[in-house]
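Protein chains: 2
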Amino acid sequence: MPPALTEAAEPQLRRLAAELLVVRASGHLADHQRRYPQWEVPNAELQELLEGGVGGVILLGGGAAEVALRCRQLRHWADQPLLLCADVEEGVGQRFEGASWLVPPLGLGRLHGRDPTRASALAERYGACTGRDARRLGLNWVLAPVCDVNNNAANPVINVRAWGEDPATVAALTTAFCRGLDSAGVLGCAKHFPGHGDTSSDSHLELPVLPHSRERLEAIELPPFQAVIAAGVAAVMTAHLLLPALDPGRPATLSAAVLTGLLRRDLGFDGLVVTDALVMEAISRHHGPGEAAVLALEAGADLVLMPADARQAIAAIVAAVEEGRLRQEQLEASARRRRLALERVADAPPDPMAAPVVDDALAQELVEATMETVHGGSALSATTRPAAETPTWPASGGVNLLRLDSCLQAPFLGPTAPALAFPGAAGLTPCLLDGLGPRLWRSDPDAPLILESLPPGPVLLQLFVRGNPFRGSAAAGEDWPAAIGQLLRAGRLAGLAVYGSPYLWEQLRPLLPDGMPAAYSPGQMGRAQGAVLAALGLGQGREVGHTGGRQGFTD
Amino acid sequence: MPPALTEAAEPQLRRLAAELLVVRASGHLADHQRRYPQWEVPNAELQELLEGGVGGVILLGGGAAEVALRCRQLRHWADQPLLLCADVEEGVGQRFEGASWLVPPLGLGRLHGRDPTRASALAERYGACTGRDARRLGLNWVLAPVCDVNNNAANPVINVRAWGEDPATVAALTTAFCRGLDSAGVLGCAKHFPGHGDTSSDSHLELPVLPHSRERLEAIELPPFQAVIAAGVAAVMTAHLLLPALDPGRPATLSAAVLTGLLRRDLGFDGLVVTDALVMEAISRHHGPGEAAVLALEAGADLVLMPADARQAIAAIVAAVEEGRLRQEQLEASARRRRLALERVADAPPDPMAAPVVDDALAQELVEATMETVHGGSALSATTRPAAETPTWPASGGVNLLRLDSCLQAPFLGPTAPALAFPGAAGLTPCLLDGLGPRLWRSDPDAPLILESLPPGPVLLQLFVRGNPFRGSAAAGEDWPAAIGQLLRAGRLAGLAVYGSPYLWEQLRPLLPDGMPAAYSPGQMGRAQGAVLAALGLGQGREVGHTGGRQGFTD
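Chains as they are written, first to last, in the numbering used here: chain A, 1 to 555; chain B, 1 to 555.
Bear in mind the hints are in silico, worked out from the structure with no lab data behind them. Just to be clear, a hint being listed does not mean it is correct.
Claimed, not checked - What follows is a set of in silico ranges between Cβ atoms, one per label pair, in the way DEER data are often shown:
| no. | chain 1 | residue 1 | chain 2 | residue 2 | range |
| --- | --- | --- | --- | --- | --- |
| 1 | A | Gly491 | B | Ser213 | 57 to 65 Å |
| 2 | B | Ala354 | A | Gln409 | 28 to 36 Å |
| 3 | A | Gln409 | B | Trp441 | 20 to 28 Å |
| 4 | A | Gly324 | B | Pro455 | 51 to 59 Å |
| 5 | A | Pro211 | B | Arg442 | 35 to 43 Å |
| 6 | B | Thr117 | A | Pro42 | 53 to 61 Å |
| 7 | A | Ala230 | B | Gly457 | 55 to 63 Å |
| 8 | B | Pro481 | A | His286 | 48 to 56 Å |
| 9 | B | Arg114 | A | Gly537 | 58 to 66 Å |
As the list claims (entries may be wrong) - Part of the chain B face toward chain A, derived, beta carbon under 8 Å:
| no. | residue |
| --- | --- |
| 10 | Gln33 |
| 11 | Ala65 |
| 12 | Leu432 |
| 13 | Gly437 |
| 14 | Arg439 |
| 15 | Leu440 |
| 16 | Ser453 |
| 17 | Pro456 |
The structure presented is a predicted model; accordingly, all values stated were derived computationally and were not measured. Ideal placement from N, C-alpha and C gives every residue a C-beta, glycine not left out.
All chains should be built: construct the whole structure from the sequences, respecting the hints.
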């Protein structure tokens, strides 16, 4: 047992422990604006933590302009350079309104099969755009790319967030993305090591098990990580996954075999190893907030993301050093890696008066390059389809039937969204289905929809489905193939739009008769809706807004 | 016909005309963030208009921190002090997230009947809070109080925005509100002259007719305006209403008889007369953008709010002076009134780094003072109800049936809102009814709800209903009294919460059996939900958030 620390050494050690934490904060300025108060510490505590040496903050919530103010404030509270990060995997606008919101990466993965050069070029621009937008907000660390190979269509948590379904595609596109990030002077983070692509449960809710051998991991899961490590990615994030072949006792996040053995030693990664959020149930259900942090560092992590309680984590790390469980030199090496990473990034504070900027050209090109339409029974990308053959939507009237997870969490479906406004302008009556409204489903497997509850007329079916964390598997309990059969037999299906999951699209597409207008976009944002509806003959020349009839000049 | 202007005089005249316009802009910094691009000019045009002398901007959209940045930007673009205003009738947080969001004024109007002293004191604090919050954002002109006497329960556009249902109450509370505004150094605006309280159609959509005599107007509609004018209100906003007894040809906004005859001469008002938004259909359907502005000035308005096209309005005003339709001296007098008003307000630019502040104590006291609960068949205000008699919600399970206008425009119903989370914690399954989902209504007048579409068990019914502009009359086509009868006969009604309209509450309350938990709040925000549900036995000790089960740490 090592000698007890001197009184002078302990504050230094506390500061060292604090430096290895990345705490969660709201992107809003005021405490009362926090959307998730149980995860986001109030400002007084946050300021105290930063003054005490906490080395990083992960932000969620707030618009682009507000987050720029927030980043200035956090920099001001800390007396050292901070890692300021966010989960902006699909452009900064995915999380912070006002910045560029891009189609999910899996769209480029699919494009890569048809046109690898174009897909790689777009992935690099995707990274450059994300990096530039992040810097404008004051963020210096982008928690992307997802390097998981999505080889399980039922994956509820990775799905469209992945860059592809095979290792070569993911490796090519994630390295291109990292080049783009680099060019903007922003750090990246490859996740979720050693690979979260083949899980069918959600680690936000439970601990998934990946039963693969080391050989299988080397063939499928590891190559993208190896590629971005070779390309110099600044950080790797661990997965909350149990891999019995590597470590039968501990999830990857807490496993020395995975982090120190596989990642550091075998793959030779010398950058920052950061855990995924320790508050996730897969970890927090089994370990207290202090112990989880100590276990992660013991396993070889440099940084601890979102400890359930930052003060407890600091105290537990200090105690672990005093007890000899952790060596202080290891923590110092981790802190050194953090500072080396920060030296790679530009350090000008953001200018909040600078209006948020969107890379419109890129966002639009991504939508067009990743959209798919049906043409004579076979799928074509939008760009290869003759423009003259764009269908014209039949006569006015009918139903605009939209399916989404929850109307209360649908940033893509504001009152002027094309998915509502364009069909509205063609006289279609909207009908929204989500998990919170009256169910349109009954138990008849051949006719599962209660069609009597719908307004009359032809049905435009728009399905917003993607595997979202916390929301379970995509469209569980909804038999859309049977519903499409029912609508076709009733002579009521007039068109199909799928936004998000390519797997649902591929399942439904073969069921459509020749000539039925149908299109797919991996994106769900308004821009994707506009392109898809235009391909269905519902977009051209339609003005969003006042013509919709329901739309006033105030809200 | 007067002589043509010299070349030197015309730019001066253009500037004078521009000074009398208040144009609409988004509260967001960037053009692509505009939510209503058809009403909100892009920044290049806005900057040009302000450089050209436009004297005011009305803002909508954006959070509190962003609007503070925006106000700095607008001040920077103008070379003169600007009127910066917003429709913040129910606290600044009604429009700009982060500031105080208060229950609608009609709640205090009802309290005034029980406790006039307390109601007046709260109205004054309401004004002071609104003024302070407005100044923090950089706004110097609050477009409130609504001085309309809501003496028509079917009024779709005023309703809970009014301070009462009789002239004495409205006069007492609006003057108290104005005292509060004054204390914060912010201008107010009495609206909608000469009184919009007895209309049953929405002037956003058509031109309502008020068939009352001058005597009736003097008895009911005018006293609150006279009271706030006597108290020194800075501005009066005109109504888009036809009052045949005063002017059979022109709506009040364009009527010299109303603005010059009644308001200026008879009521002796010497402050700013501003039109309601000229883009509203009641005006824009009948007059072009230039002509509407000229007609308003001709009638005696000083300022033109939201002309449909600012450049056309300026050109038309200049032409009207050149043609002798308008006298330049009149415009100069209006510009002088604008500058005099601006001299009354504090002129420090806002500090956007200052986090938004909420007057929690006032917001909570307003909720509690205006809430009503049923007790043994008679309504009591929450504060007079013995705490020990708060009911306990029966056993777990059942349905949380929520009715709202549109789930896509419900800022009061985020995923952690008490109306979802508290019943969720008691095991109730949510079912949301809005105008966009499948209908739960059928044509049977005795049993109008399709109960088979609901999950089983006792029903907590939560009705969010208020007369909103653009959305037509409250709960039209929904027979809630019959639905309550149906639920009672089926033995399924377990509790009732009404948020918003007191008229619906008063219609439903007598239908409830003794002992049925029921409560009403004029407010719809989370704070009101929490108080109402606590009164129903569903609130105490419940944590919003993680316990809800569906709630993750990200969105």
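Quick rundown of the hints versus the structure:
Between A/Gly491 and B/Ser213 the CB atoms are about 60 Å apart, so this pair conforms to the stated range of 57 to 65 Å. A hinted range of 28 to 36 Å for the beta carbons of B/Ala354 and A/Gln409 is consistent with their spacing of about 30 Å. For A/Gln409 and B/Trp441, the hinted distance range of 20 to 28 Å is satisfied, since their beta carbons lie about 26 Å from each other. Checked against the hint of 51 to 59 Å, the C-beta distance between A/Gly324 and B/Pro455 comes to roughly 57 Å, which is consistent with it.
The beta-carbon spacing between A/Pro211 and B/Arg442, approximately 52 Å, falls outside the hinted interval of 35 to 43 Å. Look at B/Thr117 against A/Pro42: about 36 Å separates their beta carbons, and that is not inside 53 to 61 Å. A C-beta distance of roughly 58 Å is found between A/Ala230 and B/Gly457, which places it inside the suggested range of 55 to 63 Å. Range check, B/Pro481 to A/His286: about 53 Å between beta-carbon atoms, so the 48 to 56 Å window is met.
Here the CB-CB span from B/Arg114 to A/Gly537 is close to 60 Å, well matched to the stated 58 to 66 Å. With a cut of 8 Å, the hint placing B/Gln33 at the interface with chain A holds, because the nearest CB-to-CB distance is about 5 Å. For B/Ala65, the interface hint holds, the least distance from its beta-carbon to any beta-carbon of chain A being 5 Å, beneath 8 Å. Contact between B/Leu432 and chain A, as hinted, is supported at the beta carbon level, the nearest pair being about 4 Å apart and thus within 8 Å.
Hint status for B/Gly437 relative to chain A: holds, with the closest Cβ pair at about 4 Å, below 8 Å. Among the interface hints, the one on B/Arg439 holds; its C-beta lies about 7 Å from the nearest C-beta in chain A, closer than the 8 Å criterion. With 8 Å as the threshold, the beta carbon of B/Leu440 comes within range of chain A, its nearest partner Cβ sitting at about 5 Å, so the hint holds. For B/Ser453, the suggested interface contact is upheld, since its CB lies about 4 Å from the closest CB of chain A, less than 8 Å.
Checking B/Pro456 against chain A: minimum C-beta separation of about 13 Å lies over 8 Å; hint violated.
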